[in-house]
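Colleague: Protein sequences, first through last, are from chains A and B.
Using the working numbering, you'd call the opening residue of the first sequence number 1 and step up by one each time.
Using the working numbering, you'd call the opening residue of the second sequence number 400 and step up by one each time.
For the record, the hints were derived by calculation from the structure and aren't laboratory data.
For every residue, glycine included, the Cβ atom is placed at its ideal position computed from N, Cα and C.
Just to be clear, a hint being listed does not mean it is correct.
Claimed, not checked - Straight-line distance between alpha carbons at most 20 Å, and here's what the computed SDA-like set of lysine to any residue pairs gives:
(1) B:K550 to A:L57
(2) B:K438 to A:V79
(3) B:K839 to B:P827
(4) B:K1059 to B:G973
What the hints assert, rightly or not - Anything over 12 Å on all C-beta distances counts as not near chain B; from chain A, calculated:
(5) R154
(6) I205
(7) S208
(8) G209
(9) I347
(10) G355
As the list claims (entries may be wrong) - Quick look at which bits of chain A chain B covers, simulated, 3 or more residues with Cβ under 8 Å:
(11) 39-48
(12) 264-277
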Amino acid sequence: MTGMVVGKYRPERQRLLTRAVAKDGLLRRYDWFLVLVTCLLTGAGTVLVWAATEPSLRQAGQDPHTYLKKQLLNAAIGVALMFATASLDYRRYRAWSPLVYGLALLLLLAVMTPLGTSVNGAKAWIALPGGFQVEPSEFAKLALILAGAALLSRRPRVEGQRPGRPGIMAVVRAGLASAPLMGLVALEPALGVTMVLVFTLVGMIVVSGLRLRWILGLGALAAAVVYAAVTLHLMKGYQVSRMTAFLHPQQDLSGAGYNLIQAKTAVGSGGMLGVGLFQGTFTGNNFVPSQQTDFIFTVAGEEAGFAGAAVIIGLLTVLIIRALRIAAVTDDLFGMLVASGIACWFIFQTFVNVGMTIGLMPITGLPLPFVSYGGSAIFADMIAVGLLQAVRRHHSVFD
Amino acid sequence: MIPVSRRRLAVLYVIVIAMIATLGGRLWYLQVMNGTQFKTLAAQNQTRTIVVPAVRGQILDDTGQALVANKTTLVVSVDMMQLSQQKDGGAAELERLSTLLGLSDNLVKAKTTLCTKGVKPPCWSGSPYQPIPVDEQVSDKAALQILEQPKVYPGITAQVQPVVEYPMPDGANPAQVLGYLQPITPEEIKARHLVVTGFSGVDLVGQAGLEGQYDAQLRGQPGTQTVAVNAAGDVTGTVSTAPAQTGDDLVTSISSKVQAVAQNALDTAIKKARGAGNSVNQGAAIVETTDGRIVAMASYPDYDPNVWTNGISQQEFTSLFGAKNGAPVLNYDAQGQYPPGSTFKLVSTAGAVANGYDLHGQYNCPANYSIAGRNYNNDGEPDQGPISFAEALIQSCDTVYYEIGYQMWQKDHANDGSKPTASAPVQPMMQQALDWGFGKPTGIDLPAESAGSVPTRQWLYYLWKDNAYQGQDWCKNGKEHGSYVQQIEFQDCTAGWVWEPGQAAIAAIGQGYVTVTPLQLANAYVALANGGTLYSPRIGQALVSPAGQVAQRINPPVIGHVPASSGTLAYIRGALAGVVTQGTAAGAFKGFPDNQVCVAGKTGTAQSFGKNSTSVFASFAPCKNPQYVVVVMLPNSGYGADAAAPAVRQIYDGIYGLEKQKPALPGGKPPASLPAAGR
């Protein structure tokens, strides 16, 4: 019923709606559901950042909307980046992956130089003019996913091998490529981000189709290394205690244990429906450290209660499932690896971030995707959603 | 897409769902199942409860003038521990503070310097960890400036703090009656279930005197202020307040003017007695109404009660409690125990009549009376022949009472058992003493009171038991043929529990084992004066709430009636009037305008071994329808007529405005109604 009309010798100009829903039309070019979920998450996060910072800024006699304004700007730039990323053919990213990888590596190295600034003991930022800061480790996640996917999806040169499944050498190459990223991030030290990188790479290797025996072998090797690190005291005592502090927070009330107890108290005190946005006295009075960044979830927990926290987690879950779905319907290995790498990244980061506020995971410096305050994090998250869109669009175009 | 990837993606799905389920379950557990517990925890974390001290009630005299005034002032304190962490060690902050308070820089610096070797006062003698008060008279405005700018004045606080003042109206300083406040001990906090405020100026409790007796009513109820704090501990707002309740005021029956008169009379008498070569170093003067209210209670030596405020030094403490200075902290009116001497003849006369002697009979008053080969003389007076009880009281004839004492002993002697026992019956004369309120505390509203001593057989038994083979160890130290003291100790060892005839004789004139507190003596004379009612005296008249409502009236409880008929009492009262006009006190009261106010009284001169006599005068006035009893006791001061009687005269002069004095109690009556109290 669309298309040609009998009796006319030239195609009638298609109506706007028709064009929009056509293949590669505006409406079908993007996964609008994913856009909606992303925007809802970012919007909720922005409100939480506002709620987290407004009371103490007001008390201090400063502009109570400082963080709100900055985060709105971050979100706007992020959405633009998402659409920009989504609008390109994703196969270009495969070609660009060495470039992205090199850039991320350079930025991480720059952190080591006097350009880098440290916050809370981690030298993870590069100061830019105008008070802006860049956190290269956020972009390292993107670089790892793109480079890893590219290396793992290289066609084997040897004839007769089944196409698609990477050999052990591809895995070794991917590992070697990732190692500098992980190492530099670990040196900052940003243990949480390192863990995300490792988890993401492992996830990508697993779904890449590597033979099970290799996976089991690599797993055994990793276990042996970890065991050796602990028993041979390669890990320093304080590092071990930091990793295990969440199991017995009362023993370390001045450090990580304090954070954990305060965070748990804030979340727990929210109850079913929370105390109401901007009403959270516990987070509002700075009882929880870094409550607009790494501990943003405590604000959701206190002010919006179980209901609000469930909404945040639910939106993240929908987004991650959507990413897995995109991975599942993509016939191209590179696209599948990018999508599942992003899913691994988001699920792991969500689990660690939320887990650390409720006593399930050790406290590490990780933002909650889309929700925590921070430009670099939002940009990286948005670009990741843009990549998902691009992968999906490619699939839809040729479906 | 290869099949193995598809399968593994399915595994990833499962992992994602598992992780999300874990988070959700944990959240449900924390927020929904344990939400209440965490809410409580969060609330505790965010609030601090500050105990607001209650202003202590005042102690007022009978006209409403404050004897103890409790105020609150704004005190600015400096926490040097916190201040020293500033860049320049807090010098700039102290300068700002001194400018704000209008004090010199050097003074503030000096006040916050610790008193170490070579540092001259003013310096801080307390703990360096304690906030150091630098100004105790701060204006509200300055205090607000400090409180509202914690960044400008770090470590500096302004706090409402109660301060105790002793205005001493008309010069009245009944320091021992008022008592004092001292920091509470942990044991006391526990025992009395008090709220700990944590600030030194608040956790004071009355430790003696009226402050101790009425502490529960005076102290009020501390309030609480619950404030919200942020993580840094800065106060962000007030959550709730329960205001402190000011304590009740205690209106006493003490007349400041009479008190001052009594103090002066004591001072004068003691100065005079010392001038006459006596070693007197303590004394007591009491004015009590004939219905049991204390009008004045002076104890010599006294002290400045301000020593208790802001901490007492070791030196001050020693001087207050040490015997060297006469232990001025003691209230000798209630805690001093002295032989009453002839003032005790009140009891002996009433006791004789109660035991069958004729009130209107004649009794021999020889120069000497011999009991068991020992001579007891009448203070060097010649034989007077047979005289009446009235004459015996007026002249204070001892031999009349020796005989009565001895004769009553003879009748009662059979009651002495052959073995020491605590259950032998009380001698009739000693029963009289007990019935007149001696030998046990009067129950006055003061926490510390002595019982005096009445040598009943039980009392003698316990004295012997405590000292025969322990205590003074009579049986070890005594010698049958040793020195005088050793001989007595020997006798005490073998028969110390026996009521000896000699003791019976000298007990009848208020000597020997008989001791009384000035308060007991005054109380007995109150009973004499009012027709026989024995009261437990009271200093407090009423507790008045801060709003001015009388919370509790305090009336002297009746604790007994003396075993004497009104006729006997009237006879004795008449005789005591004669003491002043023609008897032993006539000299002391020579020229006293007895046409204006008739005073009746009894002198007492109690000799004790190795010391000057205790000088006593117990009196009441007016002779008809008596209003007041005045008792002065001065140990180591000589004759009652010489030291105590003139002091009593001076007190009556002050009360009634005689002999060119202004009347302290116009019309000779205490104020008819309670003064207006409260605030």
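Colleague: Looking back at the numbered hints, which does the structure fail to meet, lowest number first?
Modeller: 2, 4, 6, 7, 8, 9, 10, 11
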